[in-house]
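Undergrad: Could you build the full structure based on these sequences and the hints that come with them?
One line per chain: the protein sequences are P and W, in this order. Position 297 of the first sequence, counting from 1, maps to 297 under the working numbering, and the rest follow consecutively. Heads up: take any position in the second sequence, counting from 1, add 1000, and you land on the working numbering.
It should be emphasised that the hints constitute simulated quantities derived from the structure, not laboratory data. Mixed in with the good hints there might be a few duds.
Which stretches of chain P does chain W cover? Using the computed rule of at least three CB atoms under 8 Å from a CB of chain W, they are [said to hold, decoys possible]:
(1) 3-16
(2) 39-52
(3) 73-83
(4) 97-107
Just so it is clear, the structure is predicted and the values come from calculations on it, not from any experiment. Idealized CB from N, CA, C, for every residue including glycine.
2 protein chains.
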Amino acid sequence: MFRVQVLGCSSAVPAFGRHPSAQYVQHHERGFLVDCGEGTQMQMLRYGVRFKRLEAIFITHLHGDHVFGLPGLLNTLSLNNRQEELHVFGPPGLRMLLEDVFKHSQGALRYPLKITEIGSPDHSVIYETPFLAVEALPLNHKVACIGFLFREKPKRPQFLALKAQEMLVPKAYFRLLKLGNAVTLPDGRVIEPAVLQGPTPPQYSFAYCSDTAYRPALAERLQNVSLLYHEATFLETELARAIETAHSTAAQAAALARDAGAGRLLMGHFSARYKTLDGHLAEARAVFPQSWLAFEGQVYTIGPGTAEEAGFVDRKPIFNPKHHETEAE
Amino acid sequence: MFRVQVLGCSSAVPAFGRHPSAQYVQHHERGFLVDCGEGTQMQMLRYGVRFKRLEAIFITHLHGDHVFGLPGLLNTLSLNNRQEELHVFGPPGLRMLLEDVFKHSQGALRYPLKITEIGSPDHSVIYETPFLAVEALPLNHKVACIGFLFREKPKRPQFLALKAQEMLVPKAYFRLLKLGNAVTLPDGRVIEPAVLQGPTPPQYSFAYCSDTAYRPALAERLQNVSLLYHEATFLETELARAIETAHSTAAQAAALARDAGAGRLLMGHFSARYKTLDGHLAEARAVFPQSWLAFEGQVYTIGPGTAEEAGFVDRKPIFNPKHHETEAE
Chain P
1 MFRVQVLGCS SAVPAFGRHP SAQYVQHHER GFLVDCGEGT QMQMLRYGVR
51 FKRLEAIFIT HLHGDHVFGL PGLLNTLSLN NRQEELHVFG PPGLRMLLED
101 VFKHSQGALR YPLKITEIGS PDHSVIYETP FLAVEALPLN HKVACIGFLF
151 REKPKRPQFL ALKAQEMLVP KAYFRLLKLG NAVTLPDGRV IEPAVLQGPT
201 PPQYSFAYCS DTAYRPALAE RLQNVSLLYH EATFLETELA RAIETAHSTA
251 AQAAALARDA GAGRLLMGHF SARYKTLDGH LAEARAVFPQ SWLAFEGQVY
301 TIGPGTAEEA GFVDRKPIFN PKHHETEAE
Chain W
1001 MFRVQVLGCS SAVPAFGRHP SAQYVQHHER GFLVDCGEGT QMQMLRYGVR
1051 FKRLEAIFIT HLHGDHVFGL PGLLNTLSLN NRQEELHVFG PPGLRMLLED
1101 VFKHSQGALR YPLKITEIGS PDHSVIYETP FLAVEALPLN HKVACIGFLF
1151 REKPKRPQFL ALKAQEMLVP KAYFRLLKLG NAVTLPDGRV IEPAVLQGPT
1201 PPQYSFAYCS DTAYRPALAE RLQNVSLLYH EATFLETELA RAIETAHSTA
1251 AQAAALARDA GAGRLLMGHF SARYKTLDGH LAEARAVFPQ SWLAFEGQVY
1301 TIGPGTAEEA GFVDRKPIFN PKHHETEAE
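TA: Below is the structure:
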């Protein structure tokens, strides 16, 4: 299981029911948070995300809409009696931010917090599990900003259990064969593992790119990414504003997805100036048809299956018309 | 118009759809925020609170569940192009907390922020408008903690317009008479203002007491408070835990309301260990019948009228059963 759940898809100012940035990535039993804008813990509760499964948190940059939910979440994990170490990655300054906040608010965590500051993201692996590696990507924003690429490690070829049964291989030998060992059966036959290997399952990947100006060079490093989440703060009509604020337009996000040969594009970090997002969708799909709007609460599967099966659907967000007092981003 | 809207009624850990502490107090056209837990700006949007009306913010203490929403809200006001000065009151350390957070997150506010740290709350007036005064109350918590009393200033006596008409006083003289001046009419009569004065309307008041251990001495200073908001983190069955953590039980909150001769008691800051709050209500009402549970989003009028007219109603909160992973408070 490899999936991402969007917890917030707004830019700097929450609006129309859209919350600050946060996404929950789950790979098998392991949970990761990417960004932690204000209110992330409440969004996790709202959408039933398991706090206990959280293994590491990846912060792209220290602008408030990406990190102001972190102290509260860390506090809550402590009050929830978490014992396990939690690993937090982010740009330089993250440690001081957390230390200062906890100093002034007299907070103390009861579990070990390991903070890793990434000075120069260079596509190297910063974290891994037995089945997944996380790389840090350089982004172009007004402050130090890191993208994250979650890439599945090479998988074993499929084991052809049916063929093994037909060959009268006892089940007790399946595990050794699956792990790639040759075995000698009680009847003297030697079975090479390749004989029972089917195709190797594809490795899926998820890239998170926010906040950033359009950075075409990323396409090469993100070749064939299964799902690209990319910010689309603006429309092309606000291109000048996008450049000025080091953000991207929907068309630029789509161009990157197209040039990277991405499976799908998920757009988010929408400016509060946009009440509806039809413009983003149209603009992106003209460039890259597999473009989708992020909806909060929605779970997107990273893997095989049709768009609909994987959770990518077009729908109208439910929004509160009072949720708009601003033209800021 | 004098009213308070509850934006958050949870204690340290949000649970069951209950959010960290925040209340919006409105007196005529002026808006004040008391406490600003994480997510307060989203709660304001959710319940249609006007950001522009916000004149001052009062922070009781620096525990995260009372202040972690402040940096994000201040940021949003700036991105909303606020120009007017905003006055923030709180305990010592508030200034450094904000300065450090904005330093690390590279935030800069475009409007003047005036921070007043209150070292020793002693019931003196810390803020006033032409019609309202705010006093700082000493509370007993684990860290420096301030309660706030919003007290209407003395009002003018009612002007008996009907009687004035019967006395054939021209309407042009009403305003002078209302303001307490004697007037000489064109027909030579001298009208003393007292002749046309009815009863003086009562002054209403609202006290906010959270977080605090039971502090019976407050009753004397809160005599006849119209509405007392008091934390009721625990039930009497958890009295030892209440004492240990410097919090109050529902019965203690009710005892203070009773001893202060309060009009009504509003309870909040409920521990995440309580899924439902029927116990709090029963425990408090046994001591002080005009006890009520705070419901998020609900607007409570501070003034005349029946409980129902003023917004005090018993209802079942809508909660998400997933909203519970903890026994912490």
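Undergrad: Mind listing which of the numbered hints don't hold for this structure, in increasing order?
TA: Violated hints: none; all satisfied.
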